[in-house]
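Here are the chains, one letter per residue:
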Amino acid sequence: MKVTFKIWRQEQSDAKGALKSYEIDGLSEDMSFLEALDFLNESLVLKNEKVIAFESDCREGICGSCGVFINGRAHGPHDNMATCQVHMRSFKDGDTIVVEPWRAGAFPIVKDLVVDRSAFDRIIEQGAYITAKTGTAAEANAILIPKEVADSSMDVAACIGCGACVATCKNASAALFVSAKINHLNKLPQGQPEGHKRLLEMTTQMELENFGSCTFTAACEMECPAEISISSIAEMNARYIKAKFFG
Amino acid sequence: MTLNSKIPEGKLEDKWRNYQSESRLINPANKKNLNIIVVGSGLAGAGAAATLAELGYQVQCFCYQDSARRAHSVAAQGGINAAKNYQHDGDSVWRMFYDTLKGGDFRSREANTYRLAELSAPLIDHFVQQGVPFAREYGGVLANRSFGGVQVQRTFYARGQTGQQLLLAAYSQLSKMIRAKKVAMLPRHEVLDIVVINGKAKGVIVRELSTGQIKRFAADAVVLATGGYSRVFRLSTLAINCNGSAIWKAHKRGAFFAAPSFTQIHPTALPQTSDAQSKLTLMSESLRNDGRIWVPKKKDDKRKPIDIPEDERDYYLERRYPSFGNLAPRDIASRAAKERIDAGHGVGQLKNAVYLDFKHAITKLGKAAIEDKYGNLFTMYEKITGINAYQEPMKISPAAHFSMGGLWVDYELMTTILGLYAIGECNYSDHGANRLGANSLLQTSIDGYFILPNTINNYLEGEIGEKHPGVEHPEFAHVENEVKAHIKKILHINGNRTTDDFHRELGKVMWQECAMSRNKQGLELAILQIKEIKEQFWNDIKVTGTDTEMNPELEKALRLADFIELAILMCTDALQRDESCGAHFREEYQTEDGEAVRNDADFNFVSVWEYHAGDFKLHKEMLEFEYVKPTVRSYK
Amino acid sequence: MNLFFRKSIVAATGLFLCIFLMVHVSANIILVFPEATARSLYNAYSTTLRESMLISIVAYLLYLSIIFHVVYAGIITYKNRNSKGVQNTINHNKENSSWASQNMGVLGMLILIFIIIHLVNFWARVKLGIGETVGTDMAGNIDVYEVTFTLFHNPYYVLFYSILMLPLGFHLHHGLKSAFKTLGFYHKKGLSVLAKISLIYALILSVGFGIIPIIVYFK
Chain A
1 MKVTFKIWRQ EQSDAKGALK SYEIDGLSED MSFLEALDFL NESLVLKNEK VIAFESDCRE
61 GICGSCGVFI NGRAHGPHDN MATCQVHMRS FKDGDTIVVE PWRAGAFPIV KDLVVDRSAF
121 DRIIEQGAYI TAKTGTAAEA NAILIPKEVA DSSMDVAACI GCGACVATCK NASAALFVSA
181 KINHLNKLPQ GQPEGHKRLL EMTTQMELEN FGSCTFTAAC EMECPAEISI SSIAEMNARY
241 IKAKFFG
Chain B
1 MTLNSKIPEG KLEDKWRNYQ SESRLINPAN KKNLNIIVVG SGLAGAGAAA TLAELGYQVQ
61 CFCYQDSARR AHSVAAQGGI NAAKNYQHDG DSVWRMFYDT LKGGDFRSRE ANTYRLAELS
121 APLIDHFVQQ GVPFAREYGG VLANRSFGGV QVQRTFYARG QTGQQLLLAA YSQLSKMIRA
181 KKVAMLPRHE VLDIVVINGK AKGVIVRELS TGQIKRFAAD AVVLATGGYS RVFRLSTLAI
241 NCNGSAIWKA HKRGAFFAAP SFTQIHPTAL PQTSDAQSKL TLMSESLRND GRIWVPKKKD
301 DKRKPIDIPE DERDYYLERR YPSFGNLAPR DIASRAAKER IDAGHGVGQL KNAVYLDFKH
361 AITKLGKAAI EDKYGNLFTM YEKITGINAY QEPMKISPAA HFSMGGLWVD YELMTTILGL
421 YAIGECNYSD HGANRLGANS LLQTSIDGYF ILPNTINNYL EGEIGEKHPG VEHPEFAHVE
481 NEVKAHIKKI LHINGNRTTD DFHRELGKVM WQECAMSRNK QGLELAILQI KEIKEQFWND
541 IKVTGTDTEM NPELEKALRL ADFIELAILM CTDALQRDES CGAHFREEYQ TEDGEAVRND
601 ADFNFVSVWE YHAGDFKLHK EMLEFEYVKP TVRSYK
Chain C
1 MNLFFRKSIV AATGLFLCIF LMVHVSANII LVFPEATARS LYNAYSTTLR ESMLISIVAY
61 LLYLSIIFHV VYAGIITYKN RNSKGVQNTI NHNKENSSWA SQNMGVLGML ILIFIIIHLV
121 NFWARVKLGI GETVGTDMAG NIDVYEVTFT LFHNPYYVLF YSILMLPLGF HLHHGLKSAF
181 KTLGFYHKKG LSVLAKISLI YALILSVGFG IIPIIVYFK
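Chains as they are written, first to last, in UniProt numbering: chain A, 1 to 247; chain B, 1 to 636; chain C, 1 to 219.
Some hints here could point you the wrong way.
Taking lysine-lysine and the DSS-like style, the derived pairs with C-alpha atoms no more than 30 angstroms apart in a straight line are [unchecked claim]:
1) B/K488 / A/K50
2) A/K16 / B/K31
3) B/K31 / A/K133
Quick caveat, the hints were computed from the structure, so don't treat them as lab data.
Whenever a hint applies, use it, and build me the whole structure from the sequences.
In structure tokens form, the structure reads like this:
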């Protein structure tokens, strides 16, 4: 299988970047997309060129490290799939594949396809936790949590923090990510004592990090590898209004 | 040097309590003057960093990923064991202790294993408190399921993403302490060496991956929580950047390495399809609850699986292990698969797989029930292979998965270097020669949350007056220069072969000779081959780019250089152990029907290796079984 | 003024305008009645509106709503552009989201242009008395019907009016359901019902508003 990659190359965050073309032959359909990039990188090394920097780790769609814009879509042509789960059989022999990094003001490019997503970590630091020290827990079954509550909490807790929601959003809104984390904890009885504080502090940080506001294009819902629904954002809004007006 | 495992006095069930009441304490005012470095931010690392910070220590935590949330603990699917006995099915701390000890084929310490079982129940309490959305029953209580190798239901889970949910809880607790300025988190920082001053670990040398800058960090104690090293096989279920560099460097600086060859090969991964493959994806072991494993009875059968009639299928696990059947422990299931594949019954393109069939389960329980239980796994399977497993059986294959071996640690989790601790998968502690399913999340969490924060003070109390010498100490400059020289050397070779090329070659040798089954001749040959690979690596490696920028190729090469040396030790260890135990199966030591033959008379010890100028010296930690009599580990 | 506040203003004013449009389109139906009935009924209706104190207040609310809706949507769009920064070279967002949702700003601008022209033609003449004086009908009510009737016999105006009801439809389809979500309606089944309601609402309004001038034209 032969394809032409057009890949964004950029030396460092303040350098100017551009798309660069690489023709590559000898790929197989069973290769994952990232393995095709590995393959390309190996050929670059042998040609004495610098490898293309891209991020990936677990390569099974759970760690959230990988993430690039492939042919105009976050994580490639399929819905709800991480970049590492895309395989070359999704492309045709002779295709041109354009690969760009996540684009968002809050995610500055580090190098080539690697972006800095530490804004997410800073949002998490603003309260995406339950303030309880190790060693202070009561017996687990002392807190009964209805199955539906645990399940709906798990639905949003599944977020892998890849940043596709931000990258695909025309507003670079982090609403899906932030709402997922807030709802995960605020739905559970353990998370409720600090619920309002968490909500206000995390959303404030979200704005400080220069993420845009959600206009419900729902693109994020389509690209999210964890299939988190935009109803999560609506739920965060409901919690916000409740926190502001009803204390 | 004699190995002192520091096992506390008293009855088995009192040992941990006795230890805690006797270990030294540090008052809060002193704690805030003590610095601890934690390397790795997985469940062990993040749990330890957060808990130590809560106790008042100043913590610096490093990870190579861009965020602490991405450590490979995130990928554990199945669950976490705890002796809660919520199911009222006869479970207890004792039974869990026994299962773990037996599962490990009696190659771990009783005291450690008992402590693991003892602390499992409070750990579940802890994670529930931290907001982990464990699966629940309709009445609101926690749900359980059973997992390979045991007969009770003690596994707690959060769908197929238990590891992710636990890690996110640890990461959240870590984030809380970062905000409180008690933890300095340094992502994209890879530890390249350990600084040992007067026999005590006092700091690390780190490369900032986004800039290539080499930095020094000093502390009063160093904790390694760097995970497993199964990427030595190249193809494994591990994350692509998982590595053994920090523990290997620690080993070379004096930390003994225990049972390096004990590697668990997981039976249910997806088979390799080409040389370009970078990793093997795990399919949860829970699939074996309803799926039946088989191969065609006829060798080299080219028919489609659905065209092969029942009487021409060999359900080899059910045949060989009637009482556990498809739920036989991992090492046994993997080895049985290898036996069939080697005998020419393998299926798939490369004849390297076996079938995992849900036809009978679908007929019996209905498609809806299977979909409800395993829907996400079937979807994942289809995403990767393009095959609908409701219609034809999955193809699965064994893959390197977990390192039972690791840095030798005593009861306090301290290595043989004073002030250097190893926690989680990177140590050798509780699992013996084989780890039971859902015990990994347990061990790594307990090490980080409960054990280390209780043992580290015992050492640090003695350091209060001493204070670490700081990064200006000449030893820091010395180690930093070594690291820099090492990097320069790799960059300057400018040979003809890529890192991946060498890694593939190493992986093939290791997979062939030091994986599911080993033999003397093969291991001796492997050692020679790996030495040759090492020689070639240092003459013919090609790494482009520079050391003063983000350079993923250089990172890979540095990791591989350490893997090559580690591989030699793994083979040396496998060669030395003339018995079959747990995951270590020596072909010379088996019964007529192919079962492992353990040799308690001669090998009732942990092999502990000391690095000595490129060679390895064996020490033995004798194992005493005071409470449990080792039996033949039979799952027939 | 945080991002929740700005979004809530746009959503709340948008919902208010949605209600207004519903009333407006209902009144427009009068125009398709036989001329005699239509003229007296339409003029009587508009006189009632002009003379009611309550409606005057509502009218001011309406003007304010339009202004706030436009201004805040403008601020949000500006800030969001800034948040996004560099755009992707290739973006196939049609595969993951509706065209309307990606283009609310453009759609809104078109509607704003329409509203301005619409106001100049009706509101400015009838209420402010700018331009040609409007006569009265037999009952003594200002003959708004005549104004409408004349305009709707201008083919260019009819074309302009009817075509611009398309962007209105798209804008409403995305706007209505999003406003509810912005204001915190998150019930999952409810949301799919809401999506259907939004579609039906948008269809009724754009087709309703769009077809009446054409019917009148051929009357």
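Comparing the hints with the structure gives:
1. B/K488 / A/K50: holds, 16 angstroms
2. A/K16 / B/K31: violated, 48 angstroms
3. B/K31 / A/K133: holds, 17 angstroms
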